[in-house]
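Trainee: So you can see what is in the structure, the chains are spelled out below.
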Amino acid sequence: MTDSKYFTTTKKGEIFELKAELNSDKKEKKKEAVKKVIASMTVGKDVSALFPDVVNCMQTDNLELKKLVYLYLMNYAKSQPDMAIMAVNTFVKDCEDPNPLIRALAVRTMGCIRVDKITEYLCEPLRKCLKDEDPYVRKTAAVCVAKLHDINAQLVEDQGFLDTLKDLISDSNPMVVANAVAALSEIAESHPNSNLMDLNPQTMNKLLTALNECTEWGQIFILDCLANYTPRDDRESQSICERVTPRLSHANSAVVLSAVKVLMKFMEMLPKDLDYYGTLLKKLAPPLVTLLSAEPELQYVALRNINLIVQRRPEILKHEMKVFYVKYNDPIYVKLEKLDIMIRLASQANIAQVLAELKEYATEVDVDFVRKAVRAIGRCAIKVEQSAERCVSTLLDLIQTKVNYVVQEAIVVIKDIFRKYPNKYESVIATLCENLDSLDEPEARAAMIWIVGEYAERIDNADELLESFLEGFHDESTQVQLQLLTAIVKLFLKKPTETQELVQQVLSLATQDSDNPDLRDRGYIYWRLLSTDPVAAKEVVLAEKPLISEETDLIEPTLLEELICHIGTLASVYHKPPSAFDSDNPDLRDRGYIYWRLLSTDPVAAKEVVLAEKPLISEETDLIEPTLLEELICHIGTLASVYHKPPSAFVEGNHGVQHKGLPGSAGSHLSTPKQPASNISTMGKTKELSTDIRDKIVDLHKAGMGYKRIGKQLGEKISTVGAVIRKWKKHHTTANLPRSGPPHKILPRGVSLIMRTVRNHPKTTRGELMNQLKAAGTTVTKETVAKGTEHLHRIEGRMDGAMYCGILDQHFLPSVRELKMGQGWVFQHNNDPKHTAKATKEWLKKKHIKVLEWPSQSPNLNPIGNLWRELKIRVAR
Amino acid sequence: MMTMISQLFILSSKGDHLIYKDFRGEAGNDVINVFYEKVTALPGDQPPVVMSHRDLHFVHVRQGGLYWVATTTSAGSSPFTIIDFLNRLAALVTDYCGSLSEKSVQMNFALIYELLDEVVDYGYIQTTSSDVLKNFIQTEAVSSRPFSLFDLSNVGLFGAETQQSKVAPSSAATRPIQSSRDQGVFVDVIERLSVIIGSNGAVMKADVEGEIKVKCYMLNCSEMRIGLNEEFSIGRSTLRGYGAAVHVDECRFHQAVKLDEFDDHRILKLCPSQGEQTVMQYQLSDNLPSPPPFRLFPTIERDNRGRLLIYMKLRCDLPPKSAAINVSVSVPVPKGCVSLSQELSSPEQRCELKPQSRSLVWTVPRCSGGTQLSAVFKLDVPGLSSASMLEVGPVGLTFELPKLTSTGLQIRFLRLTPVQPGPSQRWVRYVTHSDSYIIRV
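Heads up: the sequence lines are chains B and G, in that order.
Residue numbering for the first sequence follows numbering that gives the first Met the number 0, starting at 0 and increasing by one per position.
Residue numbering for the second sequence follows numbering that gives the first Met the number 0, starting at 0 and increasing by one per position.
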């Protein structure tokens, strides 16, 4: 008979059945019933109603049954305290039982019943059990003191259990010693000032003796306790180290790590020139290496700890670099942790080896890991100065692979290298600029912008590059916006004559159109700086920055010290973050430096700049623009009202975005910012410019006028003028460009996949195509990969409803027949006026054609739209 | 600073509660569901070891398709201790119940609760030794699959050429320790090999991690003596004499092992407890006595039709009498690779393109020592460029070398006291697995 049947579902009345069985006379039946009760308890059913019946089974000489009943008691005693008292007599009796197993069981269970009333009955039996002749009972009683202390601390002190517990440290049985140590340690934690665990040389000696004899788990308790001891002198700490060292070769990695912790602590006491110190260092390496042969979970924990140890004492593992080479089947979190340790161990001696390895990693498949590997190369360059050149050339090699994310990551890293070694490697800038277009991640864009700004005087077309970024200023992330602002200001300070417009533009973009207080703040600071005192500005912005610190992610020494004491604990896995001031956030740093320099150069100017009145923020920035709101009101109840976008936005994509109102700042010199409260509130979506005005702008531009003057003359904003001119330069037209249409469900690659498959195997079905696409990562319906084509009809002149009916008559039904579509099909056309004309509707009704209802304003529902686009592209070629 | 387990529970892979035990009354059992939600929502790249929910930390391992979870409230608890403990507990349950599965845990829940009671008290781990525990445990295990000696009969004992090629059925080694009418001792020497071979053919790294495991089902065995090679040495400086010395860098022993005869005669003495235990763990890096078992000679080129051609020559450098089985070669291929055609040297070999992992996998069921296999793979890659040729990255091999240890470690003898009657109760098995075998191209 197996136990699994107890897990079958409970039916009503089961409780009553169990009750009957529990009160049965037959022992076997009773036992089965208690088992069923416990099974129900495990799966979370409430069987507390059976409490009295189960307690009745307690008085038995069958140990197995007794254990089951005790298990039940522990679980439900708290909810039924009065009933629990019923059981006390049996407990007290069991504590006197001749069988030590029953004595121990009783005292263990009593301690687990967390009911206040029971404690007074517990004291006497506990006192006896603490002095029991059987070590098994003593060790259980020792733990029970800790349990009792948790329920009623005062009682434990009053009854003198603590002293008895201290005596147990000298017990002859190592298991009892270990439990006594464990219990005392826990009690001591709740009394920080008591000298419960006053470790003196005598107790140390006892503990160290017990260490050799007790179980592995007991050894952990004792080792953890040893770590709290402060030895009197280096001789004593050496002798402790000597006695702990054999634990390093224990099979249980928890014991090993606890021993490492103790040794790391006592090593501090040893003089470094001592021979023994060197021996100890050598002995520590192999066990740490062995920890890495465990399962990935343990490996990860081990690596987190080794990371700490390596930061504190890199010499221990300096020859073991190879152990941290990544295996291809390591889980990603293990790989990343290993990478981190490799960098920490990197030194001039092994840098060539490390770099070769990192370069291999940078060509692996896993994107996250590759990124980290590229970063690691940069960190090596910053850490080991001699290797910087080699690192840079490795990075350039990687950029040549043109793998998008590698390039981006490499650029971010090169920025850091520039910060560490300014003016040393600018020969690579040209290569970086080649890859400008492929950057789509904010961090990489920001890094590139930083480089351009910093080396503006060496890059001939720096202004063009930055201007190209400025075009989509509002779509960029804050990081890029801030960096762009700073870079343009730097550029302006370096080349003041050519870039005045640019800087004006970016300042107004930053201060007047942005909701981001950081961006606005920084914009205003620069603006005021530039307008009050350009010389000071130069001094402030272009001042030499402190070099990037060697390893920004090193853990603070004090925290490290603390974590070292906690090796092997959960805290060592979490690595509590270093303090915020050691920030790696360039924005934070930049702003910090600006304020810093301002304050140190000219406090009065600083006051003026920082405390100047800021423009009031417009009432509610998250209000919907009035015009948009009006439009949306018309569409209440549609999808658009849910998304808060006008239906046109679904259709037009990015082309619908209007340039937001910018104040036309007058004058060719930089003006102080106005209080643009009124400007901010005019963020409505403005009407499109008429073609006349656009043409006029272009004409004036051809005549050689600047954006600003054109803007002033025509009463348009500079950014609008700029946008029109840029479009004209690019497309040689001022007319509206064709809209891009709905987004494509199938990527060009998918399209070519379909084409290829169909060309090679004309009999491929839609289902197969669909599956093929799915394998390539695109999920579409069968209908999207259409089965075949209908007839095409050439339209002459303007089409109306009648003509449409004619076309349908002539081609539509024959097409249906030819494609052998049979009965179950639905006709689909969009809501073009001619499709919805009365004549068309009547025709369709006459022919009994089922028409798919088409929601308004949803061209994206049209599968053929994709094809038309393809066609247009092909034709345009 | 103490490791205290607050609760312990075992969940099935579907999240059913199989076992729940609260040791310290610090949190309710609602956290089980919190844990299950967290663990199933965990992205693959997150370290799964430790998760926290308010003040509670979950530590878990997966064994036998089950979640073994311990919770603790103190950040001073050691995850090592807990993970080690959970693994030990799983091994203990396996020893008692015979196998580890949802069914066997359900069938033996009373036994497992009893075990837990003895193993942990108030969150302090007491013992995980089956020797100690057998004095306390009352419940009889219920086995889902009774073991019988008939399982052994289908193994060809006759006609086998060496002692080593006799193989005990795997079911002989997985059975409850309590129902041990049938007796036997299994000693497994298992090594894991990780190798990196550079693109120039130089061995950049070669590590072996090994262990000797003993599974004992003897009731009246008081002492076991395992003799290793006499020329076995530990550490680099202690090479003895000449000849093919077997040596390892570092050794760790189970605490039940007595080493008084180890220094002179390389004999491990132990009093085996019922069930499975790892007697010795060792490792060796870089100085392998034999060359790495496989070499690969790849050539990668582009044919005039824009296809990617990969020629592979795989040479097996094992001794001629040995063989590797289940060899699988995985080659990363460029992104967007659409189809594959191959020429392989024998029909039992297979090759497959795996678009998810962007790799092709060439499997060879058996490869004897001294042989050389070759294969040609033609890949259609739309838009093949010289940069995508670089994506043909390091080749990974997995394989198994039965009856072979890379370090050369051998069990000289296995003696039991008192002397047991009957010949077929002692089994010694050797195997080397590839842990991570990378050949860069």
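Just to be clear, a hint being listed does not mean it is correct.
Taking lysine to aspartate or glutamate pairs in the EDC-like style, the calculated list, with each CA pair at most 16 Å apart, reads [stated by the list, open to error]: (1) K34(B) to E63(B); (2) K281(B) to D339(B); (3) K321(B) to D29(G); (4) K30(B) to E139(G); (5) K212(G) to D248(G); (6) K34(B) to D54(G); (7) K728(B) to E466(B); (8) K282(B) to D285(G); (9) K281(B) to D248(G); (10) K130(B) to E95(B); (11) K401(B) to E425(B); (12) K334(G) to E363(B); (13) K423(B) to E470(B); (14) K402(G) to E260(G); (15) K326(B) to D339(B); (16) K44(B) to E300(G); (17) K77(B) to D21(G); (18) K326(B) to D434(G); (19) K358(B) to E388(B); (20) K728(B) to E425(B); (21) K729(B) to E433(B); (22) K204(G) to E359(B); (23) K37(G) to D54(G); (24) K271(B) to D232(B); (25) K353(G) to D379(G); (26) K321(B) to D379(G); (27) K281(B) to E314(B); (28) K44(B) to D15(G); (29) K423(B) to E466(B); (30) K282(B) to E139(G); (31) K281(B) to E249(G); (32) K77(B) to E25(G); (33) K116(B) to E63(B); (34) K257(G) to E212(B); (35) K401(B) to E363(B); (36) K204(G) to D81(B); (37) K133(G) to E319(B); (38) K28(B) to D45(B); (39) K334(G) to E13(B).
What the hints contain is simulated information worked out from the structure, not anything from laboratory work.
Trainee: With a cut-off of 16 Å on the C-alpha distance, tell me whether K353(G) and D379(G) pass.
Mentor: The given pair, whose Cα atoms are some 14 Å apart, holds under the 16 Å limit.
Trainee: Going straight from one Cα to the other, do K28(B) and D45(B) come out at no more than 16 Å?
Mentor: violated, 21 Å
Trainee: K30(B) and E139(G) were given as a pair; does the straight-line alpha-carbon distance stay at or below 16 Å?
Mentor: With Cα atoms ~13 Å apart, K30(B) and E139(G) stay inside 16 Å; holds.
Trainee: Keeping to a limit of 16 Å between CA atoms, is the pair of K281(B) and D248(G) held or broken?
Mentor: holds, 13 Å
Trainee: K281(B) and E314(B): Cα distance at most 16 Å?
Mentor: holds, 9 Å
Trainee: Straight-line Cα separation of K77(B) and E25(G) no greater than 16 Å?
Mentor: OK: K77(B) and E25(G) at ~13 Å, within 16 Å.
Trainee: Given the hint that K204(G) pairs with D81(B), does the C-alpha gap stay at or below 16 Å?
Mentor: The given pair, whose Cα atoms are some 68 Å apart, is violated under the 16 Å limit.
Trainee: Holds or violated: K282(B) with E139(G), Cα cutoff 16 Å?
Mentor: Roughly 45 Å between the alpha carbons, so the hint for K282(B) and E139(G) is violated.
Trainee: Run the distance test for K37(G) versus D54(G): straight-line Cα separation, threshold 16 Å.
Mentor: Given that 16 Å is the threshold and the Cα spacing comes to 15 Å, the pair holds.
Trainee: So if I understand the rule, the pair passes when the alpha-carbon distance is 16 Å or less; does K401(B) with E363(B) pass?
Mentor: holds, 14 Å
Trainee: Does D54(G) sit within 16 Å of K34(B), going by the straight-line distance between their CA atoms?
Mentor: violated, 33 Å
Trainee: For a C-alpha distance cap of 16 Å, please report whether K204(G) and E359(B) respect it.
Mentor: holds, 14 Å
Consistency note: the structure conflicts with the earlier hints numbered 2, 3, 5, 6, 8, 11, 13, 14, 16, 20, 21, 26, 29, 30, 33, 36, 37, 38 and 39.
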